[in-house]
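Visitor: Just so you know, the sequences run in chain order A and B. The first sequence begins at 1 in this note's numbering and counts up one residue at a time. The second sequence begins at 279 in this note's numbering and counts up one residue at a time.
Everything labelled a hint here was simulated from the structure, so no lab data went into it. Where hints are given, some of them may not hold.
In silico BS3-like links for lysine-lysine, alpha-carbon gap of 30 angstroms or less [unchecked claim]:
| hint | chain 1 | residue 1 | chain 2 | residue 2 |
| --- | --- | --- | --- | --- |
| 1 | B | LYS398 | A | LYS161 |
| 2 | B | LYS394 | A | LYS161 |
| 3 | B | LYS499 | B | LYS511 |
| 4 | B | LYS418 | A | LYS273 |
Interface residues of chain B toward chain A, partial, derived using beta-carbon atoms under 7 angstroms [said to hold, decoys possible]:
| hint | residue |
| --- | --- |
| 5 | ALA338 |
| 6 | VAL340 |
| 7 | GLN359 |
| 8 | ILE361 |
| 9 | TYR363 |
| 10 | PHE374 |
| 11 | PRO375 |
| 12 | MET384 |
| 13 | ASN387 |
| 14 | ALA388 |
| 15 | PHE393 |
| 16 | GLN420 |
No residue lacks a Cβ here, since even glycine has one placed at the ideal position from N, Cα and C.
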Amino acid sequence: MTIIDWLSSPLQYEFMLRGMLAAIMVGIVCAVIGTFVVLRGMAFFGDALAHTILPGIALGYLISGNAREILFWWALGTAIVASLGIGAISKQAQVKEDTAIGIIFAGMFALGIALISTVRSYAVDLSHFLFGDVLGVSTQSLWLISIFGGIVLLIVIAFYKEFTTISFDPVLALTLRLPVNLLNNLLLTLIAVTVAVSLQTVGVALMVAMLVTPAATASMLTHRLSTMMILAAIIAAFSGVVGLYLSYYFSIASGSAIVLTATFLFLLGFLYKRVKSI
Amino acid sequence: MYPQVIHQTDKPILNVQNLSVRYNGRVALEDINFHLHVGERVAVVGPNGAGKSTLFKVVAGVLQPNQGLVTISGSNPLVHQCIAYIPQRSQVDWAFPVNVADVVMMGRNAKLGLFKLPSKKDWDFVNHVLETVQLENLSKRQINQLSGGQQQRMFIARALAQEAELMLMDEPLTGLDTPAQESLLDLLDTLKGQNVTVMVATHDLEQASRHFDRIMLLNHKIITFDEPSSVMKTENLLQAYGARLRTTNGNDNLLTLDDSCCGDENEHDHH
Numbered sequence: 001m002t003i004i005d006w007l008s009s010p011l012q013y014e015f016m017l018r019g020m021l022a023a024i025m026v027g028i029v030c031a032v033i034g035t036f037v038v039l040r041g042m043a044f045f046g047d048a049l050a051h052t053i054l055p056g057i058a059l060g061y062l063i064s065g066n067a068r069e070i071l072f073w074w075a076l077g078t079a080i081v082a083s084l085g086i087g088a089i090s091k092q093a094q095v096k097e098d099t100a101i102g103i104i105f106a107g108m109f110a111l112g113i114a115l116i117s118t119v120r121s122y123a124v125d126l127s128h129f130l131f132g133d134v135l136g137v138s139t140q141s142l143w144l145i146s147i148f149g150g151i152v153l154l155i156v157i158a159f160y161k162e163f164t165t166i167s168f169d170p171v172l173a174l175t176l177r178l179p180v181n182l183l184n185n186l187l188l189t190l191i192a193v194t195v196a197v198s199l200q201t202v203g204v205a206l207m208v209a210m211l212v213t214p215a216a217t218a219s220m221l222t223h224r225l226s227t228m229m230i231l232a233a234i235i236a237a238f239s240g241v242v243g244l245y246l247s248y249y250f251s252i253a254s255g256s257a258i259v260l261t262a263t264f265l266f267l268l269g270f271l272y273k274r275v276k277s278i
Numbered sequence: 279m280y281p282q283v284i285h286q287t288d289k290p291i292l293n294v295q296n297l298s299v300r301y302n303g304r305v306a307l308e309d310i311n312f313h314l315h316v317g318e319r320v321a322v323v324g325p326n327g328a329g330k331s332t333l334f335k336v337v338a339g340v341l342q343p344n345q346g347l348v349t350i351s352g353s354n355p356l357v358h359q360c361i362a363y364i365p366q367r368s369q370v371d372w373a374f375p376v377n378v379a380d381v382v383m384m385g386r387n388a389k390l391g392l393f394k395l396p397s398k399k400d401w402d403f404v405n406h407v408l409e410t411v412q413l414e415n416l417s418k419r420q421i422n423q424l425s426g427g428q429q430q431r432m433f434i435a436r437a438l439a440q441e442a443e444l445m446l447m448d449e450p451l452t453g454l455d456t457p458a459q460e461s462l463l464d465l466l467d468t469l470k471g472q473n474v475t476v477m478v479a480t481h482d483l484e485q486a487s488r489h490f491d492r493i494m495l496l497n498h499k500i501i502t503f504d505e506p507s508s509v510m511k512t513e514n515l516l517q518a519y520g521a522r523l524r525t526t527n528g529n530d531n532l533l534t535l536d537d538s539c540c541g542d543e544n545e546h547d548h549h
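All chains, full assembly: derive it from the sequences and hints.
Guide: In structure tokens form, the structure reads like this:
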């Protein structure tokens, strides 16, 4: 078996091709928005947000069944509401921000599991929500991913210098009279859309890895934000492709194979940085 | 998204009336009244937690006062983009992946407007202000590779890129060695010709008295606001610093100040 055979044989299956496309697109969108997640120290927020949408998906699942294209809309709606909700609640002074996020995140996640567990054969579907099912992506889902992922990328490009400014120095942004609150909420909404788009690829439990790991790897390789974004996107897309090959040949769950590849690349980057600094 | 406003040149660049600010019931500033004329350079001196950062943030329009009125050339600070707030260095994320020119270009965001990338003219402007602060050779350097003095000069360049007319500098001298402090103060002197009004928060009274037109002694209230020679009187300083100031009774009327500084005013972390 030549290397070409090795690489091309999985691609004779259409579900593998669709899975590859989904993993690449989701990887790019997650990495680009994840760059801001990493720079603003929002990893815990991203993790919480992904888990918080579970009750929304569960409700959709109970009402309209297991059609992924319909569940996407439930995920999208819940993610946006949860994102802006957590954003607003974490501004209250009664409890510390991370404590507030922790409470909401665990409570909502428990509610999601409770709802799904009312269905008799819930285990399989629950594991798809938790860990993703990228090989089950339909053509219609691919369209949803590319349209909404594309919108996220376009908005990031359009507001690139404003997002950079509010992330680096919010006080400067205020003295330039930028609508800082509006831009913050826009960024939270974009993270929410990204989470909904990525749901089927990696699932809620591993989502945070797609948001932060490629961006963190890229941050060790460059000192420019634009370069960091592009590198993160390449790393994430590459992780998606390599992860799916690993999944195919070693029968590993696809979501975890993608995340493990990304984590391995992070470790390489980490070692490179350590060796370079010696 | 980016407002534009015409300055009324007959009005003081900054006018503050009956200003009071409280955080969770604690008084940060009380009954502050003063005004600045265009081109003035003022040092704001007072102990940690005296309300210096709070005053600057209210003047910049970043923080809303509980009471009182702030006007910039006759109008609300919120319609002005000409106010530059230069943060304490400890408040900045120096690991952020930007270089010196990127940070200075952020000051031009308002002039650029939405959906526009910087043109060659904007980069020329950035290079020009970097020359003014003598950082033209470091424009491509990542910001955490700068010395403390270079970091401050970068922020001055950003304020110039913003075309700031009122520059508020929060403890710019803190943590710098003496040569770096002097070169920063010299730079502020060279900006004098550009009609930029400067307010600098500092701990160092002696330096303030040598480099600034007027000194504001602040400890929640304005204790005195006058020319250096009038401010540097024992009773004023005692009122501002209280027990932290010791007078040694001698002919030279020497004062020693025990103000364990270093710019760790957490008062603005309560928003």
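Visitor: Taking the hints in turn, state whether each one holds.
Guide: Do the hints match the structure? See the list:
Straight-line distance between C-alpha atoms of LYS398 of chain B and LYS161 of chain A comes to about 16 angstroms, which keeps the hinted pair within the 30 angstroms bound. For a cut-off of 30 angstroms, the pair hint linking LYS394 of chain B to LYS161 of chain A stands: about 9 angstroms separates their Cα positions. Between LYS499 of chain B and LYS511 of chain B the CA atoms are separated by roughly 17 angstroms; this keeps the pair inside 30 angstroms, and the hint holds. Pair hint LYS418 of chain B plus LYS273 of chain A holds up; C-alpha atoms about 20 angstroms apart against a cutoff of 30 angstroms.
Because the closest C-beta pair between ALA338 of chain B and chain A is about 5 angstroms apart, less than 7 angstroms, the hint holds. A hinted interface residue such as VAL340 of chain B counts as satisfied when its beta carbon comes closer than 7 angstroms to some beta carbon of chain A; here the least separation is about 5 angstroms, so the hint holds. Given the 7 angstroms rule on beta carbons, the hint for GLN359 of chain B holds: about 6 angstroms separates it from the nearest Cβ of chain A. Interface hint at ILE361 of chain B: satisfied, since its Cβ lies 5 angstroms from the closest Cβ of chain A, which is below the 7 angstroms cut-off.
For TYR363 of chain B, the interface hint holds, the least distance from its beta-carbon to any beta-carbon of chain A being 5 angstroms, beneath 7 angstroms. With its C-beta approaching chain A no nearer than about 5 angstroms, PHE374 of chain B sits inside the 7 angstroms limit, and its interface hint holds. Satisfaction of the interface hint for PRO375 of chain B is found here, the shortest Cβ-Cβ separation to chain A being roughly 5 angstroms, below the 7 angstroms cut-off. The interface hint given for MET384 of chain B holds, since its Cβ lies 5 angstroms from the closest Cβ of chain A, which is under the 7 angstroms cut-off.
At about 5 angstroms, the closest approach between the beta carbon of ASN387 of chain B and any beta carbon in chain A falls short of 7 angstroms, and the interface hint on this residue holds. Taking 7 angstroms as the C-beta cut-off, the interface hint given for ALA388 of chain B holds, the closest approach to chain A being about 4 angstroms. A least Cβ separation of about 6 angstroms between PHE393 of chain B and chain A falls short of the 7 angstroms threshold, and the interface hint therefore holds. Residue-level restraint check for GLN420 of chain B holds (minimum Cβ-Cβ distance to chain A is 4 angstroms; threshold 7 angstroms).
Violated hints for the displayed structure: none, as all numbered hints are satisfied.
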